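Turn these sequences into a full structure, and let the hints guide you.
Going line by line, the protein sequences match chains A and B. Be aware that the first sequence starts at 55, since it is given in our numbering, and climbs by one per residue. Be aware that the second sequence starts at 55, since it is given in our numbering, and climbs by one per residue.
Hints may contain errors.
Identical copies carry no separate label here, and so any pair may be met within one copy or between two of them.
Below, a list of computed lysine to any residue pairs in the SDA-like style, where the Cα atoms sit at most 20 Å apart [as the list claims (entries may be wrong)]: (1) Lys120 - Arg94; (2) Lys120 - Asp84; (3) Lys73 - Trp150; (4) Lys73 - Thr136; (5) Lys73 - Tyr63; (6) Lys159 - Gly115; (7) Lys66 - Lys148; (8) Lys95 - Cys59; (9) Lys157 - Glu110; (10) Lys102 - Val121; (11) Lys71 - Ile144; (12) Lys128 - Glu112; (13) Lys120 - Leu104; (14) Lys148 - Val58; (15) Lys66 - Lys157; (16) Lys71 - Glu110.
Source of the hints: derived by calculation from the structure; they are not laboratory data. Bear in mind that the values here come from a model prediction, so they are computed numbers and not experimental data.
Number of protein chains: 2
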Amino acid sequence: MDYVCSVDYAFKRIGGKYKGRIIWYIHNFDNTLRYGELKRKLENITPKMLTQALRELEADGLVHRKVYHEVPPKVEYSLTDTGQELVPFIRHLKDWADAQIEKVKSSDVAEYDGRQ
Amino acid sequence: MDYVCSVDYAFKRIGGKYKGRIIWYIHNFDNTLRYGELKRKLENITPKMLTQALRELEADGLVHRKVYHEVPPKVEYSLTDTGQELVPFIRHLKDWADAQIEKVKSSDVAEYDGRQ
DNA sequence: CAGGATCCCCTGCGATACTG
DNA sequence: CAGTATCGCAGGGGATCCTG
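Here's what the structure looks like:
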């Protein structure tokens, strides 16, 4: 992978439409989620995109893939140590976002005062 | 803007190819950078993309735009308070990325031991 | 200097169908 | 259940030229 600075590098690794949420969801469920559970939580994701995102996260060493050779098949995804290191970052980002969302909601009302 | 969860919301606000670096660079230069300085630091960005990213960051309340009505024109960009709140997280992410980059570099060598 | 306007391309993402 | 395989598209991003 090529990148121009480490901030660029980081965003390329966890950017995209789903990777942040995938990491967050796996973390929030005892660090273990099956493929189908992830798919349900991400709601509208297609199997192609989910598989692609998971494969990239695995190749990047952020997510571990454990296959149970049974019928029916069972595959569990968990965060690696490196992946877990990202959790505090995502948590703080999430807190910031929650605050932002609240702020916008209240300013929808307060806006009228603002412009006199 | 629509989003399905706050993690999604956050990534939509600072995602994309340049926004993270823009915030980081502005912060790293006393919280004030002119348009041309930003453009030079981002190296290969086109004026269209830079202007677009800055306008979105401004609309999102993360960046402040100060125009000096002179000839030649001068425009300075700085982080708002809300924008500054993101700096610690980006720094955290950057530290993680720096460690990752180091790890990959050394494993290029160590890999041979690993596979026996 | 700090952009705006146009045209264009690539790829990230989606829809659908199929399989071990 | 946990994926592959194809096909297709919209829009994020790029190249180039122009301007107050």
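Each hint tested on the structure:
Proximity of Lys120 and Arg94 under a CA criterion of 20 Å is satisfied intra-copy only: 19 Å inside one chain copy versus 45 Å between copies. Within a single copy, Lys120 and Asp84 get their C-alpha atoms as close as 15 Å, which meets the 20 Å cut-off; across copies the closest is 47 Å, which misses it. With identical chains, the CA atoms of Lys73 and Trp150 are at most 20 Å apart both within one copy (18 Å) and between copies (16 Å). Taking the shortest Cα distances, Lys73 and Thr136 sit within 20 Å of each other inside one copy (14 Å), while across copies they are farther apart (24 Å).
Taking the shortest Cα distances, Lys73 and Tyr63 sit within 20 Å of each other both inside one copy (14 Å) and across copies (13 Å). Taking the shortest Cα distances, Lys159 and Gly115 sit within 20 Å of each other only across copies (14 Å), while inside one copy they are farther apart (38 Å). Taking the shortest alpha-carbon separations for Lys66 and Lys148, both the intra-copy value of 19 Å and the inter-copy value of 12 Å come in at or below 20 Å. In this homomeric assembly, Lys95 and Cys59 come within 20 Å of each other (Cα to Cα) only across copies, at 11 Å, whereas the closest approach inside a single copy is 33 Å.
For the identical chains of this complex, Lys157 and Glu110 are inter-copy neighbours only, at 18 Å across copies versus 35 Å inside a copy, given an alpha-carbon limit of 20 Å. In this homomeric assembly, Lys102 and Val121 come within 20 Å of each other (Cα to Cα) only inside a single copy, at 18 Å, whereas the closest approach across copies is 46 Å. Proximity of Lys71 to Ile144 under the C-alpha cut-off of 20 Å is found in both arrangements, the shortest distances being 14 Å within a copy and 19 Å between copies. Proximity of Lys128 to Glu112 under the C-alpha cut-off of 20 Å is restricted to the intra-copy arrangement: shortest distance 17 Å within a copy versus 46 Å between copies.
In this assembly of identical chains, Lys120 and Leu104 lie within 20 Å of each other by CA distance solely inside one copy; the values are 16 Å within and 42 Å between copies. In this homomeric assembly, Lys148 and Val58 come within 20 Å of each other (Cα to Cα) only across copies, at 12 Å, whereas the closest approach inside a single copy is 26 Å. Within a single copy, Lys66 and Lys157 get their C-alpha atoms only as close as 29 Å, which misses the 20 Å cut-off; across copies the closest is 17 Å, which meets it. Taking CA atoms no more than 20 Å apart as the test, Lys71 paired with Glu110 passes in both settings, with 13 Å inside one copy and 18 Å between copies.
In the structure shown, no violation is registered for any of the earlier numbered hints.
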